[in-house]
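4 protein chains.
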Amino acid sequence: MIIMLKQNPDKQEVEKLTSMLEKENVTINYVHGKFNDVIGLVGDTSHLDENTILASSDIVETVTRVSEPYKAVNRKFHPDDTCIDVNGAKIGGQHFGVIAGPCSVESEEQMIQVAKAVKDSGAKFLRGGAFKPRTSPYAFQGLHGEGIRLLLEAKKETGLPIVTEIMSIAHLDLFNDVDVIQVGARNMQNFDLLKELGHSNKPILLKRGLSSTMEELLMSAEYILAGGNKKVILCERGIRTFEKATRNTLDLSAIPLLKSKTHLPIIVDPSHAAGIAALVEPLSKAAVAVGADGLMIEVHNNPKMARCDGDQSLTPLQFDSVMQKVKFLASVENKIM
Amino acid sequence: MIIMLKQNPDKQEVEKLTSMLEKENVTINYVHGKFNDVIGLVGDTSHLDENTILASSDIVETVTRVSEPYKAVNRKFHPDDTCIDVNGAKIGGQHFGVIAGPCSVESEEQMIQVAKAVKDSGAKFLRGGAFKPRTSPYAFQGLHGEGIRLLLEAKKETGLPIVTEIMSIAHLDLFNDVDVIQVGARNMQNFDLLKELGHSNKPILLKRGLSSTMEELLMSAEYILAGGNKKVILCERGIRTFEKATRNTLDLSAIPLLKSKTHLPIIVDPSHAAGIAALVEPLSKAAVAVGADGLMIEVHNNPKMARCDGDQSLTPLQFDSVMQKVKFLASVENKIM
Amino acid sequence: MIIMLKQNPDKQEVEKLTSMLEKENVTINYVHGKFNDVIGLVGDTSHLDENTILASSDIVETVTRVSEPYKAVNRKFHPDDTCIDVNGAKIGGQHFGVIAGPCSVESEEQMIQVAKAVKDSGAKFLRGGAFKPRTSPYAFQGLHGEGIRLLLEAKKETGLPIVTEIMSIAHLDLFNDVDVIQVGARNMQNFDLLKELGHSNKPILLKRGLSSTMEELLMSAEYILAGGNKKVILCERGIRTFEKATRNTLDLSAIPLLKSKTHLPIIVDPSHAAGIAALVEPLSKAAVAVGADGLMIEVHNNPKMARCDGDQSLTPLQFDSVMQKVKFLASVENKIM
Amino acid sequence: MIIMLKQNPDKQEVEKLTSMLEKENVTINYVHGKFNDVIGLVGDTSHLDENTILASSDIVETVTRVSEPYKAVNRKFHPDDTCIDVNGAKIGGQHFGVIAGPCSVESEEQMIQVAKAVKDSGAKFLRGGAFKPRTSPYAFQGLHGEGIRLLLEAKKETGLPIVTEIMSIAHLDLFNDVDVIQVGARNMQNFDLLKELGHSNKPILLKRGLSSTMEELLMSAEYILAGGNKKVILCERGIRTFEKATRNTLDLSAIPLLKSKTHLPIIVDPSHAAGIAALVEPLSKAAVAVGADGLMIEVHNNPKMARCDGDQSLTPLQFDSVMQKVKFLASVENKIM
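If you read the protein sequences in the order shown, they are chains G, E, F and U.
In terms of this note's numbering, the first sequence opens at residue 21 and continues consecutively.
In terms of this note's numbering, the second sequence opens at residue 21 and continues consecutively.
In terms of this note's numbering, the third sequence opens at residue 21 and continues consecutively.
In terms of this note's numbering, the fourth sequence opens at residue 21 and continues consecutively.
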């Protein structure tokens, strides 16, 4: 951390500031410049806040962080890729994993049809929403406990591990048999939920918030790892920008950049990002090419009757066609599917 | 809602679509155009989703909503301003109310000093964070229950009703004696929390999310009102944009626009919006001039020692100076403080 | 400028880097840190580029600019406010100036009617577009030279100095009798145009680009001042964000922030920012309260027949009503109108 | 275009509005709804402006465009892909073309070295900036005419057609021997420049503006085609968002979406988008996979000594490695390189 002082700082104030900083368990370098003096802090500064230091003294002009504020998720300290393994279904490292299923769980027939179809096409995980975060209180909110029961039926039938979203700590008991717990974009900074999931032993699929920076995504993952749960899968699903031709703007640059910063696996959700079924194939292919560790794709046995997000869902047939291309490109990238 | 069909739609598909729509309790106008046919839906369409209709048939080209998807918060159906009254401290209608206090509750001495000072300057509510949403798990997270106890001490001393943020339903019991419950920007779409607060009888201060549209803010308020709780105060606190010179971009246009759409009161938080103490005065004045119903301002007895956000906090003296100007401008606007 | 080196940098590379930097006319402070070494550059670094330095050596980890890259517009070196005076019509310092008129010049009758009306209400400058930047090539593009002739007729009639937009250096000759040349948001980084206007002796009204940072706005102004023309008025007119309820998001925080950084006057254009006539009054009042030096407001004698932007134009009567409130608030701010 | 009227509109006002619309050469459908009446306009509405209609009458509630405002670039009217052919170097249709070279032309030695290298690796066009749009007036602005001369030397040596950016109509004469004229992101809405290039017979490489929507990009291309020049290549180069970890956010979803809307070829510039050399390879691969028609990549013989953007430039060796992967993926996509 680099603290630039204002010109001609009061000596007493400088002493106050440095003695305050000395208590923070960091090494202090004081540099006399021609115009401005600079204090360099060396060591672990992840517990320090730039704004708090800026506010702490009148003689501080700017505070600049030069090392990352995250530790457990930082690749610097854990150079090897983390691979999440759920009964042999793997995401991360050399393993490219595809999660597929409907936006929301609607019926047993639907879930079993979709589960069988996506398994046949090569998906390794089944997704389906039992708790649905909807902008409108009047929109379909999901089948809740019954939805999880139907997911488990489909798991029993196909053996696919299931991924479903949690919206509140209060429902945690219902997730006992869920294989991967998803934290949705709107809850990426629901810190109490993250803390609680830090004490879980289940893999967590953490989606990037609509307006969250990559660093904030890593800090939210850090909340989970700091609690003891090392099994986090990150998911890029589009950010909110001025462009309205797609629902969100899929930030594929985030994949290689995040992979350089963290050892955690990163997957891409092209369905929610674009909100347009026709874009799922090109974006899925791009996700493989850019280095993602997996995909999360919406598949519905009858998109026209879907109770939400039908316009972005693929039919099982369309999904199978996407998977042919994904498998080929993944093999080009030396990924195991 | 207006549904434009693709050119030369299949007649059977048209029939399927219209018979499906007829079940939705709306009146259907079918218009034969020279190139495209159009179906107009008239009536309450708040339960319908544009994307679901778009996906429901191959013959649909576009779906456009022309009426607002919110009802309980809509000024059309409730033309009179809502005024929130907490033991005589009022926000909304003719009443301009100021909420002030530190970012986080730190000690009894701090809270009582600040509470007395802001009351003397004209604040009607005391704020202070007991649960703090922090990007980093290593940053100070607040005093939790003890923080609420200290707020109540300060209330006992000054009579000021207290406003504090809830981060999880699990803590709801701790808020029994809190006067106004704040939902922070990061939880604006924590729908389970909103539903729960819809069953509360306490006023809710709902902050706009960092990347939430005005319509989404109204829909989140609708969640609370739909649950039965009519006492919601909206709060504009800056949105996330490409501009980094201020922490967020305060969207003051939202004030008059929201006031034309809803009867709920709307206040402005210039402290979090800008993240710069020197901007609090000009932005507070602008907020009054643009028609806000109140302000929420951070005040700390010793900003240099604040455990968070010290760089945006005012001293009691600075706050008093801001309040002189705010009071004058509020009187110009015929507002009662 | 602060250059942090990677850990254990190669000594020869360090020498290469420092000897390269020594040629740049800055003083170099080399600091040995516990983990990373840091090089501080002191002096005028406005000619240096962070990215170029970052790229220049493998041993550089980060480069951080700590002083502003602009000089001529910087308040540090010119503490007194600049006031633009056009034959007694003033903007800046203690003077609050209002520019009003139609979006586009349409006819002599229109211009003279509007000019008389806005003068009566207290406007000090007349605006009107002769060259119109339109997204569509099929939309009305303005009357060009004839438009400027009509503006000059209105000036002859009323004495109001005229403000009109230039879109290309090729038209510069047509602007000989124009009083203030406007550079539109889309041309804020048309650097060749800025350079040419730097050699003009006319005041330049420089509008902030739709996605330009405050620093970029100042750098564009710096282009003009660097050419010798010191007469620049900045204009905030809304930035592009995810929010679509208003055409753009008016960034009123930019006013006090820019005023702390530069001595140039700053005005606000509420008409283009919101794109909604009903928001012009509250935003104009907020602009005065936040510290702006003036306003630019669209007024049309018959908004319903306007050839562009009629939905954001005020009638002369509405404008007069806004001006009553603006004058009062300006007097509260000790501004002369 | 769909015009929804306010409730209970005045009959005279309705007649006024419809008679005004009848003059616009469109067919009018008037629909009586239960609550609101709706007017549908059928035919070519590209000359009509939503806001102008909205403003034209007090009885209009909303105006919604349902057909695209662009014609010449619209795939609906020109279903076949456009392929740009410069002496056999092709971009578009089945042809995947790579443009490579340094950010700015610096010396003859540099240009010839780079030109030979990129040709050997498979690039079909040589790029290099002679006129550089720089945020700071104090930064290197390019070699101008001398820069173009050096590009032509490199062309003579290698036969590669050259691509270079124009910043002002005033320099047009210098571009007589340039093969492809680039319009940079900052000039995407410099409409006078676009109009002038509409009269040229040279291919135009049109880069998307930092905050321009896809529709605005197409409208800017429409300016060029409307002038008679059909040879336009679109280029996605990243948009400005809140995320600062990359210079811009590369919007790869724009590629398949734009290809569905227009017949013009679309290439991707991963160098400017990310601003980070290490991201060029993954983003180039993703661009091929997502369906782009080409790439524009910065290559410098000595990035460490580059006068601008060295941090995003590849060495010829790195470029060759990227090209191996791009060629393979392009062949997978059945593209000819």
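Warning: the hint list may mix true and false statements.
Note: identical chains are not told apart, hence a pair may lie in one copy or across any two.
Unchecked claim - EDC-like cross-link-like pairs, simulated, lysine to aspartate or glutamate; straight-line CA separation at most 20 angstroms: (1) Lys-324 <-> Glu-235; (2) Lys-324 <-> Glu-33; (3) Lys-324 <-> Glu-44; (4) Lys-264 <-> Glu-81; (5) Lys-222 <-> Asp-101; (6) Lys-26 <-> Asp-78; (7) Lys-175 <-> Asp-105; (8) Lys-91 <-> Glu-235; (9) Lys-110 <-> Glu-353; (10) Lys-215 <-> Asp-140; (11) Lys-355 <-> Glu-216; (12) Lys-324 <-> Asp-30; (13) Lys-324 <-> Glu-42; (14) Lys-250 <-> Glu-88; (15) Lys-175 <-> Glu-216; (16) Lys-264 <-> Glu-173; (17) Lys-345 <-> Asp-197; (18) Lys-345 <-> Asp-30.
Hints are computed from structural coordinates only; laboratory data are not their basis.
Alpha-carbon proximity context of Lys-324 and Glu-42, limit 20 angstroms: Result: close only across copies, 17 angstroms inter versus 64 angstroms intra.
Up to 20 angstroms CA-CA - Asp-30 versus Lys-345, copy category: neither (66 angstroms within a copy, 33 angstroms between copies)
Copy assignment of Lys-215 with Asp-140, given that the CA separation must stay at most 20 angstroms: Close neither inside one copy (37 angstroms) nor across copies (40 angstroms); limit 20 angstroms.
Lys-110 and Glu-353: within-copy, between-copy, both or neither at 20 angstroms Cα: within (16 angstroms within a copy, 28 angstroms between copies)
Alpha-carbon proximity between Lys-324 and Glu-235, which holds within one copy, between copies, both or neither at 20 angstroms: This pair counts as neither: shortest intra-copy Cα distance 38 angstroms, inter-copy 27 angstroms.
20 angstroms Cα threshold - placement of Asp-78 relative to Lys-26: Cα proximity of Lys-26 and Asp-78: one copy only (8 angstroms, versus 31 angstroms across).
Alpha-carbon proximity context of Lys-355 and Glu-216, limit 20 angstroms: neither (33 angstroms within a copy, 45 angstroms between copies)
Intra/inter-copy verdict for Lys-324 and Glu-44 if alpha-carbon distance must be at most 20 angstroms: between (59 angstroms within a copy, 16 angstroms between copies)
Copy assignment of Lys-324 with Asp-30, given that the CA separation must stay at most 20 angstroms: between (71 angstroms within a copy, 16 angstroms between copies)
Homomeric proximity label, Lys-264 with Glu-173: Cα distance no greater than 20 angstroms: neither (38 angstroms within a copy, 43 angstroms between copies)
Homomeric proximity label, Lys-175 with Glu-216: Cα distance no greater than 20 angstroms: This pair counts as neither: shortest intra-copy Cα distance 25 angstroms, inter-copy 32 angstroms.
Up to 20 angstroms CA-CA - Glu-88 versus Lys-250, copy category: within (19 angstroms within a copy, 43 angstroms between copies)
In the structure shown, a violation is registered for the earlier hints numbered 1, 10, 11, 15, 16, 17, 18, in ascending order.
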